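Participant: Each chain is listed here by its residues.
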Amino acid sequence: MIAGPTIRFEEIAQKAGLRFECKNAAAGRFHQVELMGAGVAVLDYNNDGCMDVYFTNGAALPSLRKTSPAFQNRLFRNNCDLTFTDVTAEAGLSGEGYSMAAAAGDFDNDGFTDLFVAGVNRNSLYRNLGNGRFVEMPASAGLSGHHWSISAGWLDYDNDGYLDLFVSNYVYWNAATEPRCGTAEQQFYCHPGAYTGLPNQLFHNNHDGTFTDVSERSGIAKSIGKGMGVAFADMDGDGFTDIFVANDSVRNFLFHNQGDGTFAEVGLESGVALRDDGNPIAGMGTDFRDFDNDGRPDLIISGMINDSFLLFRNLGEKGFEDRGGSSGLLMATRQYTGWGLGMFDLDNDGWKDLFFALAHFNQLDRYLGRDSALANRVFRNRAGRSFEDVSAFAGAAFQLPAYNRGVAFADFDNDGRVDAIVSVLNGPAKLFRNLTPATFHWLGVKLTGTHSNRQGLGARITLQLPDGRTLYNHATTSVGYASSSEPIVRFGMGENQMAKRMEIHWPGGRVQELLDIPADRVVEVKQK
Amino acid sequence: MMIWAAMLLVAAAQSPGTPAYERASALFQKRNLPASQAAVDEALSLDPRLVPALTLKAKLAMAAKRFDIARTVLEQALAIEPTAAYPQFLYGLQFYLSNELQPALTQFRKARELNPSDARAAQYLGLTMESLGQPIEALTQYEQAAKLNPKNTDILLTGARLLLSLNRLPESAQWIDQSLQFDPKSRDAHFEKARLLLRRGDLAHAAEQGELALHLPAGDTLDSQIHYLLIRAYRDSDPAAAARHAESLR
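These protein sequence lines are chains A and B, in that order.
By my numbering, the letter at position 404 of the first sequence is numbered 404, and the numbering carries on one by one without gaps.
Count along the second sequence from 1, add 528, and you get the number used in my numbering.
For reference, chain A alone in the conformation it holds in the complex (with noise of 0.2 Å):
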């Protein structure tokens, strides 16, 4: 095992002009909808190279409507030299509704990069006219959505060239009819229990603008849960994209695609539906990437207090194994509530290591003895083997509590390093700039698909590296909780200065091969 270099952030958002706070509107009437939304995008509307990001915000209750500015949702230009701009209104971006998550991801394949934006009881497809300003899709798109809507991610389930739309929902909610929960003196947010759950939804692209929601017709809307994050990864390498949704105090899924246009919720014999003693966790965030180097994709999961996030290591056809006690998480998480998260190579060592965005629910101080806001946390990955907590040496602000939900991810100064964006509820956001010492070598894949779609997101990326270790990784935007990273592929080569081989599989099954691919760079490849 390389020793790597520690893992280091400083956290910038103020200097850098990000300056945005998600507003939940809480007012003591303890509406479930405060507890979840910030949600945040990374994508690069304008095409100038550096990754520009989008905050969603909440709204008046119970309402639901932007009665003021501050609960506009906002975009910020990165102006490519660390700072930003704020352009919601030239944009048209300031959005309507209670919302939560935000999707990127470039559904007319014209090169710009859509928004989807998903919220309580409504939903918005954004089209980015590729002059710096967006258009809200109609209803007639087929994507407004009546659901009380969590997470969002954009795949090309069907390999058509077009990306599809998925939308993790989680309980039916309605402000007249919310239970009350608590003690006859103090009133307080309810059990996820106390609400019903809903289906997910699966949106087929026409490629025409409009969507068809296939939720029934592909399966899909058979499983019954409350959608949290969702993660897409080609989890048995046969071409298609599968789908996973952390579900909150009920069983997570795992949807297997059929290659026929259907999904097989196989989470139960997969062995990724509830923790290892077969009890459900509040499942939040979730990314779905190889975190040991055997080409499998394997599967991150936040949790609540005392659930302990979920570790499950992908071993092919025999399902997955929970990882969680041999890899040091499980204690290691206990006492945290995360939300957004991520497994990306930090410290560019060939090892993708863990980043958490954590708060505990808001007003649960007086039940835990000790502030509810929480300090993200990072854990480096030792060699595929265990995850060590080592926030401790990762700078000032993981230090410092807040009530942290949404995180994406991307390299916002184009350094090599991956930076993180994170979504505060009722406090400022934080741009945790990546500044650990530049050891190791790098490379970004950045691919333009043709037959695929433009992004080329679903696409499965190996490469060989000369001290003989092989990398993976795939394209998605699709991290965490509520939000959508970057689309390019990132790879740390530890002491490597070239890849050998870089093998593309595209999705719809064409191969692309690279040799000889020198470090430090981000490679533009077009599907051939």
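Worth double-checking, as some hints may not be accurate.
To be verified - Not close to chain B: a few residues of chain A, all C-beta gaps over 12 Å, as computed:
hint : residue
1    : R180
2    : T183
3    : Q186
4    : E321
5    : R382
6    : A392
7    : L435
Stated by the list, open to error - DEER-style ranges, computed between Cβ atoms:
hint : chain 1 : residue 1 : chain 2 : residue 2 : range
8    : B       : E775      : A       : A438      : 46 to 56 Å
9    : B       : L697      : A       : G111      : 48 to 58 Å
10   : B       : Q709      : A       : G261      : 48 to 58 Å
11   : B       : E775      : A       : G261      : 22 to 32 Å
12   : B       : R559      : A       : G261      : 37 to 47 Å
13   : A       : S68       : B       : E671      : 50 to 60 Å
14   : A       : V522      : B       : S752      : 39 to 49 Å
15   : B       : D569      : A       : T183      : 52 to 62 Å
Hints are computed from structural coordinates only; laboratory data are not their basis.
Since the structure is predicted, the reported quantities are computational estimates derived from the model, not experimental observations.
Cβ atoms here follow ideal geometry from the backbone N, Cα and C, with glycine treated the same way.
For chain A, the structure is supplied; the task is to place chain B on it using the hints.
Facilitator: Structure of chain B alone, referenced to chain A:
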């Protein structure tokens, strides 16, 4: 526990509320909670300072998940008799069950000081420590609890679960086997054994232990937990059996 029950009875013996309290206590043992509640209220109307009756009233409140009432009543009892160990333990317990861990920790520590031979206080102090992210300290408490009451399978399994979480499999196995020695028909112990075997990759024996657990009388372990274990244990060797167990969870 026996000593404390005897002490409570002695304390109650001098009081005009004693006959009603004794009736309430007997009804509580028979799980006739409404009648027990009426009798204990009668006892307290005759003697509001009767600590055993206050303690029983708290237990009744906790059974009804009215931890707010239990808290108030136990505070009254402890104000009257600050060194009463059993009310002190219950005071900690109601905090623990309300998920108020810091006060639970403080109160269980007091309960341990008041009665160092109470294994249950050590066990719950350990559980609280475990929930607060102090696994090593928790394990020490479980070890002390097991020394005080070596045949208590609940304590042994509590320790075994923590050791499993810490990936200390050989020690966990010892605690589980010890538990099975004292209670060979414990569903919970067989389930924990099955989990341990599954973790070790011994799927055949994990399935065997899981099936055994499933057919034993109910304990803390739910059928659903065992079904999930059996799905994983049978996944490779008997997919049809795995599917059957999956279906029972759907």
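Participant: Hint by hint, say whether it matches the structure.
Facilitator: Here's how the hints hold up against the structure:
For A:R180, the requirement that its beta carbon stay farther than 12 Å from each beta carbon of chain B is met, with the minimum near 16 Å. Against the 12 Å criterion, A:T183 falls within the reach of chain B, whose nearest CB is about 6 Å from its own CB. Here A:Q186 does not stay apart from chain B, with its beta-carbon only about 9 Å from theirs, under the 12 Å limit. The beta carbon of A:E321 sits about 8 Å from the closest Cβ of chain B, which is not more than 12 Å, so the claim that it is off the interface is violated.
Consistency note on A:R382: stated as away from chain B, and its beta-carbon is indeed over 12 Å from all of that chain's, at 14 Å minimum. The Cβ of A:A392 lies farther than 12 Å from every Cβ of chain B, with a closest approach of about 15 Å, so its non-interface assignment holds. At the 12 Å boundary, the C-beta of A:L435 stays outside the reach of chain B, the nearest C-beta of that chain being 29 Å off. A hinted range of 46 to 56 Å holds for the C-beta pair B:E775 and A:A438, which are about 53 Å apart.
At roughly 54 Å, the beta carbons of B:L697 and A:G111 sit within the given window of 48 to 58 Å. The beta-carbon spacing between B:Q709 and A:G261, approximately 56 Å, falls within the hinted interval of 48 to 58 Å. About 24 Å separates the C-beta atoms of B:E775 and A:G261, a value consistent with the hinted range of 22 to 32 Å. At roughly 56 Å, the beta-carbon separation of B:R559 and A:G261 lies outside the given 37 to 47 Å, and the hint is violated.
Distance hint check: the CB atoms of A:S68 and B:E671 are about 58 Å apart, consistent with the given range 50 to 60 Å. Separation of A:V522 from B:S752 is about 48 Å and conforms to the stated range, judged on CB atoms against 39 to 49 Å. Separated by about 21 Å at the C-beta atoms, B:D569 and A:T183 break the suggested range of 52 to 62 Å.
Hints 2, 3, 4, 12, 15 from the earlier list are contradicted by this structure; the remaining hints agree with it.
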